[in-house]
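Visitor: Following the hints, position chain B against chain A.
Each chain is listed here by its residues.
2 protein chains.
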Amino acid sequence: MRNVGVTLSLFLGANSLSVVMYANTTNDAYKPKTHVLKANSETVRWGNIGKGDPALTVHSGDIVTVEAITHHSGDDYERMIKGDAGVEDIFHWIEGEKNEALRGPGVHIMTGPIAVEGAEPGDVLEVKILDMKLRPNGNDQYAGKTYGVNAAANWGYLYGDMVEEPKKREVVTIYEMDTEGGTDYATAVYNYKWSAQTDPDGQVHPTIDYPGVIVDHNTIDKNFDVLKGVKIPVRLHFGTMGVAPKEADVVDSVPPSYNGGNVDDWRITEGATMYYPVSVAGALLSIGDPHAGQGDSEINGTAIETSVTGDIQVILHKKASLNNKLKGLNFPLLENENEWVVHGFSYANYLEELGASAQTDIFKNSSIDKAMKDAAHKTKDFLMAGMELSEDEAYSLMSVSADFGITQVVDGNWGVHALIDKGQFGDSERKPVVLRSSFENFGAKVGWQPATKTVTLSYNGNVLEMKVGATTGIYNGETVKLAAPISVVNGKIVVSEYFVNFYKAKLAKTE
Amino acid sequence: MRNVGVTLSLFLGANSLSVVMYANTTNDAYKPKTHVLKANSETVRWGNIGKGDPALTVHSGDIVTVEAITHHSGDDYERMIKGDAGVEDIFHWIEGEKNEALRGPGVHIMTGPIAVEGAEPGDVLEVKILDMKLRPNGNDQYAGKTYGVNAAANWGYLYGDMVEEPKKREVVTIYEMDTEGGTDYATAVYNYKWSAQTDPDGQVHPTIDYPGVIVDHNTIDKNFDVLKGVKIPVRLHFGTMGVAPKEADVVDSVPPSYNGGNVDDWRITEGATMYYPVSVAGALLSIGDPHAGQGDSEINGTAIETSVTGDIQVILHKKASLNNKLKGLNFPLLENENEWVVHGFSYANYLEELGASAQTDIFKNSSIDKAMKDAAHKTKDFLMAGMELSEDEAYSLMSVSADFGITQVVDGNWGVHALIDKGQFGDSERKPVVLRSSFENFGAKVGWQPATKTVTLSYNGNVLEMKVGATTGIYNGETVKLAAPISVVNGKIVVSEYFVNFYKAKLAKTE
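The listed protein sequences correspond, in order, to chains A and B. Heads up, the first sequence is in our numbering, so the first residue is 1 and it goes up one at a time. Heads up, the second sequence is in our numbering, so the first residue is 1 and it goes up one at a time.
This is chain A alone, in the form it adopts within the complex (with noise of 0.2 Å):
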């Protein structure tokens, strides 16, 4: 298959649109292999996100279908835990008998980790986040439901520092959303204070410092009422993603880096991409922390900690042909269709920067400031060879228009994110396309009902159905929030170019 790519402008009255059209000149399918990638005591590394025998094997362009189980589950054991058997797996403990005895610093259940033939330090990997979905709990009694945790937890940010008594007191709230109704929020079920618990081999834990351990519900207090009336947007994200870092062998979960990690940006959703720097053969991409909602900051210590499924695209970018924002880049880059963001640390290496020690070491020197420092250089490195900016330039248009956030305070190398408009750019940064000839082009049949203005997309058996200037679509029967509304210019229906390769790996999911 050859591409011909055609730049053409449309005039519109006073405005001119470039359109690149693609011509293809045979339709040879795009078969990516879509692979099953299920959560269980032989699958996921409980606290490590370093090197390791791979979970799963898969070619660039690969789809996976991945399992992410939250490490809180055991804060309630009959609405996360019963009757998952994968759940089950992971957290099955009893005197003399764990499955997951093998732990690394940190405390994430992460799936994989995932290999890619061919990758190499220096590389990037591409993660296209294609769908996420609540995973449903396995006990018949709270059918349709799936629960999540937010633990006001000791590495919180204002543990000890509040009005109360006792100050120092950990409180575990239990979240419900519905997995049936398709509605979008969160409600509270009730909450309690942590109060010691025994685990299986005798230990007592005073306080929540070790994931895994089933709250005895005869030893707490439940109350429910909490937060009456009040719906949490949910936001799901992957709290934890990304690859093996190649300055160590066993890396805490926790403090994010370079490699991506623990970033705990809800932005890290359905419809986005991430791009992280590969430091080690096979990237090693491992997966986990899944969260329903989560805001700037994760002041208490944690998200809504829930179980989700995902699917996700693995494409490897080599060093040799990196476009001007992938070369060198140095830390876990995320774009959607409207937004760039460049995530910023207190420390953008820490393993590098504070040596032998840094594992523990990066828990005494969290900072904001620091963090927004690193922030800003990396978005000014990214506007200058990105952009293709001089320094001037760019310093000047982060000032009047780039939007900086407090990831996260809660994880040790805190964080400090940049949102860059891809907009301002205009068609340079969202390139538009004709939506036919760039379906048509790989394979889709595309279909359009003039009388409601439906545009039918479908390849390989998915079908997708978007009306124009609707936010929502229909993917194969079910209601998806769309990337962006599709739009008629002069008599064709525009998207962008990372519209389009974001529905071309969706519906190139096999089942």
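To be clear, the hints were calculated from the coordinates, so they are not data collected in a lab. Fair warning: there could be bad hints in the mix.
Pairs involving identical chains hold if they fit within one copy or between any two copies, as the list cannot separate such chains.
Dumping the calculated DSS-like pairs for lysine-lysine here, alpha-carbon to alpha-carbon at most 30 Å [claimed, not checked]:
| no. | residue 1 | residue 2 |
| --- | --- | --- |
| 1 | Lys193 | Lys509 |
| 2 | Lys422 | Lys193 |
| 3 | Lys193 | Lys38 |
| 4 | Lys246 | Lys51 |
| 5 | Lys168 | Lys231 |
| 6 | Lys167 | Lys373 |
| 7 | Lys453 | Lys318 |
Guide: Just chain B now, kept in the frame of chain A:
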């Protein structure tokens, strides 16, 4: 007039919606007075937001059309001063003759102060921003445009920390906005490196250290190859607005504090409401430092600094009648249709905390970490008092849904803000009311065209047209962004109480 509030429940399938309908026994009119406060050398103070003789005195409920002028106008005399009588008057400075000779320690041109009749310490002053318009420049040569300045200044976050030489450079970028075509973006025109400027009194300014100096364009090199093709979204806002603090007489306009001032949050825009704690008799509201665009952090030291004319409504809330959100308010609080925004600073009240040398010491103690701590406590306190949550509920909710951002890192007393989504609280924070009765209640005429689903609100010679579902409306013939689209619920147009109060004031303005 007596208002009788009746709460109805409208049942819509599984959902119910409580709607407060106002019945009024007489249609006596709502007639706040409209004042005009032009900016000239008599009505502005330069660099000081402290106590002082009022430029205007108003009653609670009054509307003020207030002109605000940027202190950066001297960076391009031809585009930003020439031909504008008010600006020329303020900037008039020849040897031995300087209209604004009396300067505070700060930099901003502040219009006011506006005294509010009956305002006393302990009260809260509400300021609704009803309208903001770019001030067209006065030079025929540049008709139909407004210009703005972004200065990468010596107080910028990366000053001296640059890649290119000289690292310690200040660069001024001139931006252009269209005031006729209604475009909502800014484009860069040219930039130049600041060179030493000599003021009319013979003093040399090697850096940007004294606003009001007219830059001699014979001494600079203009570079017109700047940010080509980049269109920056316009976010008109007042960078500096607030009441006089009680702790000092002359107060630097640069560091924001509990009384507001240079908060530099771009959300302080049309449609927003600010609440300030009053600490001196008359409140003494000052307004200035208008911006056409700024990112969260204002990283290089300035925004797109331009001149703007706004309509504000000033409402006094007496101490004895404050609701739970305003009782004990100790920071500038923002509300809009969708959010509450809490503002924290490195020092919540720097004048009190840092003592006699506060106005110099604050610049040595800037810290985002401190500002985050302040914002975290204020947000928890606000949720507890304002939403009647327990401490555990508030702390959990902020972790799972409040977004903390970096307001600015360039104003001495650095800022962190928290965005609290009103929608999550349902009707309690976004109280639905029936549009027709709410507007008829104060004497407005409400029209409805079924064919086009358009509501027309007429009052006082002002007309607002809104189509169901549309994000923009027509106000007196001009397209305006609506606070929210209107929607039909059970055959009635239902909007929020906030919406009604906002448009009620907007319609009440007289010419």
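Visitor: Hint numbers the structure violates, sorted upward?
Guide: 1, 3, 7
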